[in-house]
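> Below are the chains, spelled out letter by letter.
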Amino acid sequence: LVSGMYASGKYSSRGPALIPRMKTKHRIYYITLFSVVLLGLIATGMFQFWPHSIESAADWTLDKRSVHDAPVVRLPVSSPIPERGDLSCRMHTCFDVYRCGYNPKNRIKVYIYPLQKFVDELGVPISSTGLSREYNDLLSAISDSDFYTDDVTRACLFIPSVDVLNQNSLRIRETAQALAMLPRWDKGMNHLLFNMLPGGPPDYNTALDVPRDRALLAGGGFSTWTYRQGYDVSIPVYSPLSADVELPQRQPGPRRYFILSSQTAIHREYRAELERLKEENGEALLLLDKCSNLSQGAASARKRCYKGQVYDYPQILQESSFCVVLRGARLGQAALSDVLQAGCVPVILADSYILPFSEVLDWKRASVVIPEEKLSEMYTILKSIPHRQVEEMQRQAHWFWEAYFSSMKAIGLTTLQIINDRIYPYAARTYEQWNNPPVVKWSSVNSPLFLPLIPPRAPGFTAVVLTYDRVESLFRVITEISKVPSLAKLLVVWNNQNKSPPEESLWPKVGVPLKVVRTKENKLSNRFFPYDEIETEAVLAIDDDIIMLTSDELQFGYEVWREFPDRLVGYPGRLHLWDHEMGKWKYESEWTNEVSMVLTGAAFYHKYFNYLYTYKMPGDIKNWVDAHMNCEDIAMNFLVANITGKAPIKVTPRKKFKCPECTAIDGLSLDQTHMVERSECINKFASVFGTMPLKVVEHRADPVLYKDDFPEKLKSFPNIGSL
Amino acid sequence: MQAKKRYLTLFSAGACVILLFCFGGIQVPLSRRGPGRDDQNEHISPRQKRDANSGVYTARRCRMESCFDFSLCERKGFKVYVYPQQKGEKMSESYQNILSSIEGSRFYTPDPGQACLFVLSLDTLDRDQLSPQYVHNLKAKVQSLPLWNGGKNHIIFNLYSGTWPDYTEDLGFDIGLAMLAKASISTENFRPNFDVSIPLFSKDHPRTGGERGYLKHNTIPPYRKYMLVFKGKRYLTGIGSDTRNALYHVHNSEDVVLLTTCKHGKDWQKHKDARCDKDNAEYDKYDYREMLYNSTFCLVPRGRRLGSFRFLEALQAACVPVMLSNGWELPFSEIIDWNTAAVIGDERLLLQIPSTVRSIHQDKILSLRQQTQFLWEAYFNSVEKIVLTTLEIIQDRVLQHTSRSNLMWNSLPGGLFTLPQYSTYLGEFPFYYAKLGIKPYPKFTAIIHVVTPLVSQSQPVMKLLVAVAKSQYCAQVIILWNCDKPLPAKHRWPPTSVPVIVIEGESKVISSRFLPYDTIPTDAVLSLDEDTVLSTTEVDFAFTVWQSFPDRIVGYPARSHFWDSNKERWGYTSKWTNDYSMVLTGAAIYHKYYHYLYTTYLPASLKTMVDQMSNCEDILMNFLVSSVSKLPPIKVTQKKQYKETMMGQSSRASRWADPDHFAQRQTCMNKFASWFGTMPLVHSQMRLDPVLFKDQVSILRKKYRDIERL
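Top line first, the protein sequences correspond to chains A and B. Residue numbering for the first sequence follows the UniProt record's numbering, beginning at 1 and increasing consecutively. Residue numbering for the second sequence follows the UniProt record's numbering, beginning at 1 and increasing consecutively.
These are computed hints drawn from the structure, not numbers from a lab. Since the structure is predicted, the reported quantities are computational estimates derived from the model, not experimental observations. Please note: incorrect hints may appear among the correct ones.
[Stated by the list, open to error] Simulated coverage check for chain B against chain A, where a stretch passes if three residues somewhere in it have a Cβ under 8 Å from a Cβ of chain A: (1) 215-221; (2) 329-343; (3) 419-425; (4) 430-444; (5) 568-581.
[Unchecked claim] Straight-line distance between alpha carbons at most 30 Å, and here's what the computed DSSO-like set of lysine-lysine pairs gives: (6) K225(B) x K105(A); (7) K586(A) x K694(B); (8) K630(B) x K225(B).
[To be verified] Per label pair, the in silico range of CB-to-CB distance: (9) P132(B) x S376(A): 51 to 59 Å; (10) E74(B) x E279(A): 19 to 27 Å; (11) D708(A) x T519(B): 34 to 42 Å; (12) S105(B) x V517(A): 53 to 61 Å; (13) D203(A) x K76(B): 35 to 43 Å; (14) T600(B) x S722(A): 46 to 54 Å; (15) R705(B) x L723(A): 16 to 24 Å; (16) S45(B) x T93(A): 33 to 41 Å; (17) K266(B) x P80(A): 47 to 55 Å; (18) F662(B) x P386(A): 41 to 49 Å; (19) D174(B) x N205(A): 24 to 32 Å; (20) Q143(B) x V124(A): 55 to 63 Å; (21) E680(A) x R701(B): 24 to 32 Å.
The beta-carbon is built from N, C-alpha and C at its ideal position, and this holds for glycine as well.
So that you can see chain B by itself, here it is in the shape it has in the complex (with noise of 0.2 Å):
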């Protein structure tokens, strides 16, 4: 009784504030004050209730704000640490992969004191407990590592949790405060902004490079063959069997073919239902790899868990994912703006998806598809992609303001070659000037690097920087001087109309002719070897064709790269040929962005080497260029056969007549190759010139006439 007057008591008082506060507020009615003002200055302090955060939301209620310490992030940046991987512990190859991509990564630290980011060396991707991977005793093996602290700061990888018949969502040891990268999280586990859900890979996916996308024609009407297609298992009983069992209801075996098989595990006979014959005989009918590829879109259900291999295997082969699996956090849905590249069902309206995916216009389906080429490429066909992605994104939130936008991680080239640490405005990039309707600044910065002392007036850098100088387009001439001998007084150079700027190198290495100086404040960079012989024409003309192509190296001479079958290795070419896949960068303009890139993207490990070498620092250059463009670089026309001819004149044609300089340049490439993992050159056959270049018309009319005279 006593109990209840109580609370009654209170309601009544509580009432009473409600009613006062009813009248209150028509009682002042005149008094507009703005909303939300609400005085919090009683209120306790923001801090003590920043740390009450951290208290209270833990575990499943975890987020960066209360769960990641990110003032171990501001000691020496975003580096990420691996635990040393202990004796006789197995571990799955897959995962393996993961430990390499990150310890070959520039974000990997092995000092445990330097991380901001821990990644176990215990193997977590598989935690089927039915499963010949499975890590038994994980929980104590976690607890016992000195530096877990309840799981803070680190991240756990896992592909597969749970098993039959209800394949929960457990990793089966308590995770503590640790970031999950998980396969197959359902938007009710998943922790936003603190987890990162990732893509089922199977074993076989490459650690790196990985295979390009199917797609190689935009083809119109942009239909194919089959409108809808999948093939897989039919589970019989337990989790997951709904929506494949409905799946005969849409399949027309025309344009529409879903085929199901129930022959899968030891004792599928026992459970088979009257439609497994009929169901089994069309599954073998058709082959799986030719459905894929001549499909417009692809179906994606659910499996046993959420997610399934059907999805990158559609991705890759632009074949537009139609994904029937409800509550599946998709992977990198972070980052990933899916209505781009695929189509989200829901498997409670199956019987629509046909008329649906029939509904979709032309235009969409043509951007769905190379959409899905380009994520393909972009953050999923290699292990190394995968992984990296998931630490950039976590970069990205401890780094919040300069973190990637939205239109970084959705347009070529992709998160993963977009720095938002060069910059966080996008027209300071070279990819997205026509995305926002605007255009590069309108001049360049003369790079020359120099390596030999100044001696007389007549040398030829003296020509060049008068030369360059001249251009109309030229905002600065930065001298690298990266010459042993000290620099000369400022008198000695020629009087130019344009700022020149003398750099001292300071360890006088290669690279630092690519240092992304403060001092560039164009778009544009014309970077130049002492030795180019350049016109101002001609200068002049590689740059108008630059503001036409910002994201490619526009060069003057040109390499080539080929196979060479005989040594299954990568040859290097400078003969004349027909196509090139290289433009030299001892004259070639570029953007500003790719130095940056060179420094900070690029691993020491070939930074250094070109270094020792003092060679090939033009190749890896072209390699990284084409890499984050997958075009070929542009050769313009030029009035002598630049270096050829030179030769003999100057001090560093040494270089070029060195035998092993062409050796060496030949390894670069092989070693670049392998880094990349791929490829990256692409060969081109055409060479810009001047609209009115050796036409049979008066010198008089034409532009650029310095670049016909000889």
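Bound-form chain A, shown alone (with noise of 0.2 Å):
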């Protein structure tokens, strides 16, 4: 206060010219007036000692330039003032997309404009921090990003180095003046603030006050009438504490309180209402206050009290399922982020508040929002929410901190993703992306099936048969199936280099066109390549040796891939066992009440696999089955386990496939060796996926009325053989 009322007397002292002609009585107007300004900004805590002002930290440069060394600006008092701000600003009113052009990686390029310092004709700066070492933060982590670009030229999106994070620092007319002088301004255009405590009392506006023609503004405390949907990105208010403090991890689960209210500046109403809440219901709300017998400093911004209980601050807030986060005269409250950060879920009454990030963050999974005028309900509101619900949003609401408010390079690069994401919209990063924790993100799955459709059966099937040499039994497999009722084209996949397949003359007459692909390659991977003969979605592969499927069987494999064609529909079925004496996965043959696979040696799967399979295998896996010669139907399975979170159907009870005389189970070979192959192809593949995506289950898929007591002439599919 003293220096304050120094810094005025010394002000007042270059204006003697001025002040001794007014008359006493406007004199003594002026001075009561500015009395009550002074005293009013003091009592509303408006001092904010955030951000902190870097001047005076020597290490710091941006552009390998000293802070100390930016040029010196002298605004004319003439110099131009921005017009206010068009709140019917849109992107494709305001902004200029051809300077962000088109663009194979889809990314805008952003300019940071050098360090200057600004002051005005009497070489006052324009700022009272000048460059926080908040927006520096910012600045620095912008071009260390792949958004940042030198080149003023190439630029799409341009960012003043004018720190406007707190609007109390600034002289609002001068800040205006130098961003009007800024060499690339033109109206603002395509120029993004950073501002996080915005207006100032008694009205304190949504918005930063600095006028601004055109520029983005990304502002933390928007309301919905100052927000321009589409246009600003609504940003967190930093807390610095998050530097600061790391919290041990904690899992979600149940808390020792309830709700939580930790803000120390609520309005004594709103105060009231929670003492009221508090009486009801007791001991599941903790009400905390600033402590008033601490003496102010750092170590208060620690603390918070209740009843001469001191609580440390925030590790409280670890200790409670909910968290109040209640407007103050702004919107935008640090005491989100230091809630988010406690895994604690905020309960956010501030009314008309634009959320941060909202364009991009789903709220609901992190977060309450109760309109203030309900505060009294809060307690039965928030007991309504389902425990196992409450427990996600704890997660959700860490996460959200962790990715997008740990720090303010979290804030910068979250913001210049959203606008990356609307100026290239079909390059956008998805809702997913954006909002599943990396813990959903690895046990959800997506399947690029997912409309609940049951093709029509007119287009049939392509039947993919691989072949070697064994000619003959190729030829009957053939004939078999082209006795298949929706069989719509035969594509046999020669796979022998050395040998020519027979002339055409030779071959089986069939209904459907046959053709022969030859390989370049004697590669098992060579079945599941994604053909352009394959004309139908559903295809049916087929060893060249499953001479025992009967056409019902196959025609009803068809059908039931119809309804599920989003899976392997398959006849041989197998099994993978965890074998605890060795601790790994075991391949299993027998005859088990299980399924997890079903073998590509006879299955119809949607065409889309293929292309999966060829293209998007993970890790070594196709190279690994070619050169092992074994497996590719085990790796199928784990592909198609692991996009849809689906188990395979074994359709019929079809054991037997070769031949009638052979042993009952006959997949490539029942000998040992084999079976020691195949399980060490399903540790491979686990350890390549990083799970094991295969889902066991206990049914398979047979005609309605199979084995019932009717006569097999009227069942449709009534040639089901079992064994």
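Put the two chains together into one complex; each comes in its own frame, and the hints tell you how they fit.
Written as structure tokens, this is what we have:
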């Protein structure tokens, strides 16, 4: 205060020529007014000791230049002032998209103006803090990111190095003049300003008061009336505590308190309301305030009190399921950041507030928004939320903080990404990318064939027969398959480079087109190539020795595939098991009650999976399969289960496939080495996928009337073999 | 002079403050208090501030906070009142459809005293003065409405506003504080979270039911014959002509086919330009439908107004819309994430559009295309869906903390089937397990519907209770006592290891078996008739199957429907057939949520019909579940031929022997189909059996042996 008086005295001495000529009445009036304003400022706690001035910190550089070396720019009094800012601005009206152009990387280029120190004609800086540490962090993060360009001609977005984070420390008019002086200002077009504390007393505007033409505003504390949807970006109010305090990880779950209120500057009406809630619900609520007995200063920011009992802040936030975040004079509250960091679910009471990054973040998953008027019903409302949901919200809240709130860097880059998404909407990050925390991203599945479609029967399926040189057996298979009504085309993948396929005349006569594809290498993956010749969605992969499947079984398999077009629908079923002794996965082909794979020696599936297998198979699995000449079917089962999260469907009881006299179960071979190799495949694939995607089920699909006491000739699929 | 001085003084005072503040800021740098510390105790009461808002933010700055009276919705919930139609007032068919959709919905109330939202019976759809549908003197008519109240809590539907040449968005009367549900609304005029942007739909748009999307296959690769198409009018003069005039620059008559015609309006010859003849000739060469169905992307450029019919047409045709209409607030933008189903282009970058769409990856096309179909069927394919979506959006705003999340709106089965009043937690619905990476609760609750008194310990219900309670997956049994006789004493029920709760049905109606009882602690419900014969093994197996299909009904006896072309109506059959489309809920497992949906989503008319006949409740449930899942139910194997062989033993058999019973069910089917506006049932040809069912292998190897034993 003393310094304040001193400063004002000094300033008054510069204007003696003006003041004495005024009438005394007026003078008193002005002095009173001045004092009132001054007192008001102090009383409202407007003095923000944030952002921190970094001018004293000597170690800082931007563009390899020290802050101290920033050239001083003197603003003439008559320097132009930008217009106030147009509420109707949208990307298509106030943003020059040509500057961003077509860009194969779909990434905007951001230019940061070199640092300048703006002063008025008297040499007084336009901002009391100059460049704050926070804004500096933000600019450095952007200049280190791949958004950054130092080529002003290629830039799509311009960021002034004029720090307007905190309006309290700004001289509004001069700051505006400084902005207008920027060489590329051009009515603020494509300029982005970051502001976290907008407005000032007494009415606290919810957007920065600095006139800024068409500049975009990344603001903390927008209300629905100042926020230009799709143009501005609503950002959080950064909490400096987050850099200082490291909170221990806490798993989501029940907490000691149900609701916690930790803000210190709550309006007395609301505090009274909270007290009432506390009276009704007792221990479940913890109502903290600032500690009256502690001296002001750094320590007090880290303490909260209730009836003389002292609590550590923000640690105490971790002890509650819900934490109240009430509006203050401003809508945006730094407490929100603290609360999220603690994994406490914020209960936001700030009518008309535009939540941070609401354009992309789904706040319903991390917070509860309650109208201020319903504060008294808060307890009831929160009690109605299922426990499991509260736990997910706790996890989500912490994750939001980690990803988007934790540092100025996170805040800055998120803002740029949002703008980037608007400019290249077709390459925008998805809802899931924005909102799913890693643990959900890892476990959730979004099937690429998600629409519940039962494709029409008519197009039929394409049978893809993989063969090497067993011509006789191949011809038998072809003859058998050709009897299936829904067969549309036969595709023989001739995997033998040393031998030509038999002459055309020798092939069995079939009623559908038959095509032979010769491959360049004898690789198992050739069977899964998405050949252009496959014109149907449904593919029947079949080995050249599967001669036992009846036409009814195959047709039925196709019908089942139509009901499950996103699954592998096949005949030989297999299982993976966890071998407790060996501590690893084991392949099982015995008579089991469960199925987790169907072999692609005879299976229907969507052509899309061919494409996936060929182009999207993770890691080195494809090469591994080709090198070992084995397990392509297991790999396919992994792939499909991993992307759809669904089990395959085994159809019909069929167990014998190659010959009636073979043993009941036959795969490629039954010997021990084969089993060992297959087990090895499962372990290998599970490690590449980083998880075991296979799903175990206990059912198989049979025709509705299978084995029912009903005349066979009335059944659609009477010829279903029992072995 | 004096004024200037005053200002100077004021300014210097202000400067002092700032200066003081500068010093202040530097003087006390040690004290690090949190930002945003603004003690507002000194300021006006927040309550006053809120009240002040409603005075300031009106008309074009309306928001729910300032222009909507939430207290009206707290009386009876979200109820919508429609003004009675006045004689002599002409009304377009579209508006009639809107009103009857509201009147047929569960939100409707005929009592304005209970209403939270009001809908005019004055046709406001077409506000183009040149249009024959234009209603005159609307201003006076609206003002004279006794309940108008300055437009508070009213919603006004509008498809067309303004007229040639500038097509403004003015409705030609003062809407006051009313919300707008308007097509072609611009971001500039759109009041976020207050107005609702609706799609432009034609007068032929069906009132209910609605056509399905055209997508039948997910072809790979996903490219169609054309990459990008458009066919439409070109405006030679006036607003909206720029973009369409420039289309020919990107047209390549191969895979990018953008066609315009000048031939529309009376005097097009007068304005025609050099390109018209060439364009017109090219235009006539192509068939619009053929292009629509055979193109990967469809251009949707602005017309006279921002929105055009092309949008819904493309959506239905699974032709991914490429929006070229800067400043159009897309339909239902508040809830739909359009980036997942459309490409939002920029008119200024028209020349880049072809390379942009070509750069979109195959996987993305596949997913965009499927999403168009989901959105079309979920929100757009009938007037009823459009209206209900509008109402649900407003309801979400009103109920705030019990509103739908983004995922509920943007993934299957969509917001109209996902009622947040049931739960706001996605994990409690049957639809999101995979998305959340979680599984349903691994137990079920059995609900046995009892209608006959207990007379003997050997009654089927006793055996059933014991068998079901023995299942390792059974968490609880609820006996719903819908019998006229008083409740039997507790000890009359056999002892079981799981809790048995007896609930006395209040109204003893059959629908009460589908009430969402709080006492169901599990996700799965096993619904049972008292005379059902089931073994523990059968129950166990069915439950393991259900865990793979939590959004469907998994049951034992199945039934089928067919189209009886002679009688031109749906037929019902209980014969043994090679396919089925329903499973009886006398023995079926399904998700608890369907109880809630049955009770709250279905109209009272259908439920009453079911209760009066004491029949068809299972058909109705199958209709409901299939309309949500778009998939057939799942039949699992059963030991015996269930009821068919059981008849004559139990009292309820009389119900099945009754010849009326069958006819009733047929009638039900047709009633239900007409309410749903379509036939939601889907056929299946398969039954799920245990993996080793009836296999020739030692029975000791089999897990579900009992199913095979007779």
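> With reference to the structure, classify each hint as holding or not holding.
Consistency of the hints with the structure:
1. 215-221: Check passed, 7 qualifying residues.
2. 329-343: holds (count 4)
3. 419-425: n = 3 at 8 Å, threshold three: holds.
4. 430-444: This one holds; 5 residues, not fewer than the three required, reach chain A with a Cβ under 8 Å.
5. 568-581: holds (count 5)
6. K225(B) x K105(A): holds, 27 Å
7. K586(A) x K694(B): holds, 27 Å
8. K630(B) x K225(B): holds, 29 Å
9. P132(B) x S376(A): 51 to 59 Å: holds, 54 Å
10. E74(B) x E279(A): 19 to 27 Å: holds, 24 Å
11. D708(A) x T519(B): 34 to 42 Å: Cβ of D708(A) to Cβ of T519(B): about 37 Å, so the range 34 to 42 Å holds.
12. S105(B) x V517(A): 53 to 61 Å: holds, 57 Å
13. D203(A) x K76(B): 35 to 43 Å: holds, 38 Å
14. T600(B) x S722(A): 46 to 54 Å: holds, 48 Å
15. R705(B) x L723(A): 16 to 24 Å: holds, 19 Å
16. S45(B) x T93(A): 33 to 41 Å: holds, 39 Å
17. K266(B) x P80(A): 47 to 55 Å: Given a distance of about 52 Å, which is inside 47 to 55 Å, the answer is holds.
18. F662(B) x P386(A): 41 to 49 Å: holds, 43 Å
19. D174(B) x N205(A): 24 to 32 Å: holds, 29 Å
20. Q143(B) x V124(A): 55 to 63 Å: Distance hint for Q143(B), V124(A) holds at roughly 58 Å.
21. E680(A) x R701(B): 24 to 32 Å: holds, 27 Å
Consistency note: the structure conflicts with none of the earlier hints.
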